[in-house]
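Start from chain L and add chain G according to the hints.
Top line first, the protein sequences correspond to chains L and G. Residue 67 in this note's numbering sits at position 67 of the first sequence, with consecutive numbering throughout. Residue 616 in this note's numbering sits at position 61 of the second sequence, with consecutive numbering throughout.
FYI, nobody ran anything at the bench for these hints, they're computed from the structure. Glycine is no exception: its CB is placed at the ideal position from the N, C-alpha and C atoms. You can trust all of the hints, since none of them are fake.
Short derived list, chain L residues pointing at chain G, Cβ under 10 Å:
no., residue
1, 7
2, 8
3, 11
4, 14
5, 30
6, 35
7, 151
8, 153
9, 156
10, 239
11, 273
12, 282
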Amino acid sequence: MYRYDDFDRNFVAERVAHYRSQTERYLAGKLSDDEFLQLRLRNGLYVQRLAPMLRVAVPYGTLSAKQLRMLAHIARQYDRGYGHLSTRQNMQFNWPDLAEVPDILEDLATVEMHAIQTSGNCIRNVTTDEFAGAARDEHVDARPYCEIMRQWSTNHPEFDWLPRKFKIAVTGATTDRAAIAVHDIGLRAGLDAHGKVVFDVYVGGGLGRTPVIGSQIYSGLPVQHLLTYLESIMRVYNRYGRRDNKYKARIKILVRAMGAEAFKAKVEEDWQDIKDGPSTLLDAEVERMVAAFEPPAFEKLENDTDALDKLRFEHPEFGRWLKHNVKPHKQSGYAVVVLSTKVTGVPTGDVSDEQMDAVADWSERYSFSELRISHEQNFVLPHVPMQHLFNLWQAATAQDLATANVGLLTDIICCPGGDYCSLANAKSIPVAEAIQQRFDDVDYLYDLGDLDINISGCMNACGHHHVGHIGILGVDKKGQEFYQISLGGHSGHSGLPPSLGQIVGPSVAREEVTDVVAAIFEVYLQHRLEGEQFLSCFNRISIDPFKEKVYANAD
Amino acid sequence: MPTLIKAAADGWAIASETESADIQWQAPEDWNSGDALLLTVDLEPLAEYAQAERIAIEFPAFNDGRALSLAVLLRTRLGYTGELRAVGAVHEDILHYMVRCGFDAMEIPDDRNVQIALELIRPYSNVYQGTVDNPEPSFRRMQRG
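Chain L with its partners taken away, still in its complex shape (with noise of 0.2 Å):
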C-alpha cells in the first residue's frame, strides 16, 4: 500500500487547518450558507434530510487495518455506531455534527486518510478494481496510476471549480470491474509490445439522466504522458462545459454535443503544447509508486482443494460461500473473499463499527493488513491463504458478514435514497429489503445465478441502476413514489461491451415492484437454455416477452 511522505503528511494537516478556518468563519457569520456550500463539499460535507453526511475518501478502496479500525472509532465516537460502504469505494458517516468534522477530519489525518474532494464540482476519488493487486486475470496493477492521479487531483489550481463534478476510474485486467465506460474519463491499463504501461482512454461516458457509454479517444497513451493528457482533457472540459444548467453539465454532454472526433481534436490541440513539458512524468515517480505497491510476502502455498472439498462435503453453507465469495487469486495457494454487506433487514451498505473492527482483526490475520471495498458496497480481503478460508468463514458467519450471495439476486447496489438523502424522489432501502424478503428462498437464488439488481432513488443513479441486469429507479409521480425497472443493462464485467438497460413500461407502485421483478424472473426460467445466466438469456430472447409478462394483465 502506499504511505505518505512528509509532503503529503503536511498538506493533509494544511487542509484540515484550512477546513477547520473556514469552518470558524462560516460559524462566525462571515461566509454565507452559499459559500461555505462550496468548501464543505470539497471537505466531503453534504448536508442531507436528517442531519450532515460526511463522505471519507478511500482512494481506490484500498485500505489497512489500521484505517478501518479509525473508521469504526469515528463510527463510535462522532456517529451512531455505523457507517455507510458507497458505490464509490468511499465511507459515509450521517450522524456527524457540523462543528466536530475539522476533528473528525483531524482524527483520520493520523492514519493517512482525508475527505477531500468527495463532493463537490472537482476531480472525485480515482476508483479501481477491487481486486487489483489479486485477480488473476489482472494485466496491470492499476493502483499506483491511481495514487498518482490522487496527488495531481488533490487541490488541483486550475480544476477545482469545473462545470460539474468528475469521475474517473482504472482497470487494468481482462474482466472490467472497475466499470470504466460509464466514467466521465475510464482508463484501461495494458502493456505494449515492449512490456511498457499504456493506457486506452476514454471519455464522456456516465450514468444519471443521460446515461452514455465512453468513447474511446486515445490508444495506447504511453503512461509518461498520463498526467499531460488527462490536463487537455480536463481543460477543454472546464472551458467549454456548460455551467447554464446543471443537468446538461457533466462532460458527456460536452463530448455529445461536439462529437468525439472534435472533442479529440480539441484535446490534442491543448495537448501539443504540454506534451512533455514539467507535467510529464518521470520514471522515477512511476517505480516510486509502482513500488509501494509491490505485492505483499506471499508464501509458497499450494492449492490445496483435497482439504476444502472435504470442509465443502461436510458444511454444504461454507461450499456455497466458496463458490459465491471466493475469487481466484494470482498467487497459487491464496485467494480473494468477498464479505457481503448484505442480509435481509440491514440497509445496503451498513456496517457497524464492531463489523468493521473485526474486518480489520481478519485483514491482520489473513490478508497482510490490506482490504478493500468494492463497488458492489462489500469488503474485500484481497489476500486470504486458502488454509484459512474456513476459519475466516466461521468467524465471517457470526458477524453477518458471509452471506454466500456474491454475484446473486440479493447482492443488491443501493442508493441511500428517500431514507437519507434530500435529492431523493423516492425510497431506495426499503425496496431492496423487500426484494431480499420476498425471494429468501436460498434455493431459488443459487438456481437464479449470477443476477445484479441495482437500485437509486432518483436520476442521478448513485445505485448504478442503469448498469443493473435489472435496474429499479425511484420516480415522483404526483407526488407518489413510483418505480421503472429497467433490463440487461450491465457495465461490461460479463465479457460483453457494457450496455444500458432498456425500460420495460410505465412505471409502478412500491408494492408492486417484489411482483413485476417475480415475473420477470418467471420469463427468465422459462426461456433459460441449460446453463445460461439472465444477462445472456435477455441478449437472446429481447425485452419482449418481459414486457408481455409484466403487463399482461394491465388494461
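Just chain G now, with coordinates in the frame of chain L:
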C-alpha cells in the same frame, strides 16, 4: 470601490488607490495593442493579447473555474508576462487557486474582508502540481518518498 491587492517583492499588499483610477479597460472589440484589456471567461486567448498593457479577467461567479483556465493559457500558451488581474466575483477562498494559475493582482469586492483575503493567499506551503507560478510538479521539485 473594490480594494486592489497585488504581488510585490516582499509578499502581497494592498495597492494604492491611484493604481486603478486611470485605467481605461477595453473589451476585445474596442481594444488596440497596448491598451488595458478586459476579458470575459468565455473568450479565446488570441495571440495578440500578449501585447496588452495589462489584462483583467472577470469572474462571473466565485465558483466559475473558466477564469482559471483562461489565465493559465494567457501565461503559458501566449507567454503573457504583464499584470493579470482578477475582477468581478473575486472571493477570498479562491485566491490561492488564482495565484497558482498566474494572477498577480485581485480586486477584492467591498463586501469582502481584505485582511482575511491577504491571509488566505497561500494556505499551503507545498502543492502537488506544477502550475504557472512554479511549473515543476512535486515529483520534480523535491525528493519525494
